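Enquirer: Sequence:
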Amino acid sequence: MSINHLSKETETRLIDFFTNSINPKDMAKTIRQVNYILSLQVMKDFENLPEKNSIECNFYCLNRLAEALDPYLDVE
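Heads up, the sequence shown is in the working numbering, so the first residue is 1 and it goes up one at a time.
None of these hints come from the bench; they were simulated from the model.
Any given hint could turn out to be false.
As the list claims (entries may be wrong) - Result set (SDA-like, lysine to any residue): computed pairs, CA atoms no more than 20 Å apart in a straight line: (1) 25 - 59; (2) 29 - 45; (3) 44 - 33; (4) 25 - 8; (5) 25 - 15.
If you're wondering where the values come from, they're calculated on a predicted model, not measured in any experiment.
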């Protein structure tokens with residue numbers, strides 16, 4: 001998996017969007033729900049999918065985004 005680092009301008013725009021335009025907890029909840037539904041559907045439709053690693057990576061990345069918005073799984 002390759003990691004692309006964002007420019008400072010992109011980071012600033014994303015921070016502005018997520019802090020001023022939407023509620024981060026609601027967005028994280030929506031991302032988790034969509035991620036779950038899409039993953040289930042793909043697994044049902046393509047049980048023997050050759051590119052399973054790509055789906056796992058996408059699932060992981062969307063969960064990381066949701067965690068960045070609202071650290072739900074980071075329980076102390």
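Enquirer: All hints, please: hold or fail.
Expert: Hint check:
A C-alpha spacing of about 18 Å is found between residue 25 and residue 59, which places the hinted pair at or below 20 Å, so the restraint holds. Under the criterion of a C-alpha separation no larger than 20 Å, the hint pairing residue 29 with residue 45 is inconsistent with the structure, at around 24 Å. This hinted pair checks out: residue 44 and residue 33 have alpha carbons roughly 17 Å apart, not beyond 20 Å. Annotation: proposed proximity of residue 25 to residue 8 is violated, straight-line Cα distance about 24 Å (limit 20 Å).
This hinted pair checks out: residue 25 and residue 15 have alpha carbons roughly 14 Å apart, not beyond 20 Å.
In summary, the numbered hints that this structure violates are 2, 4.
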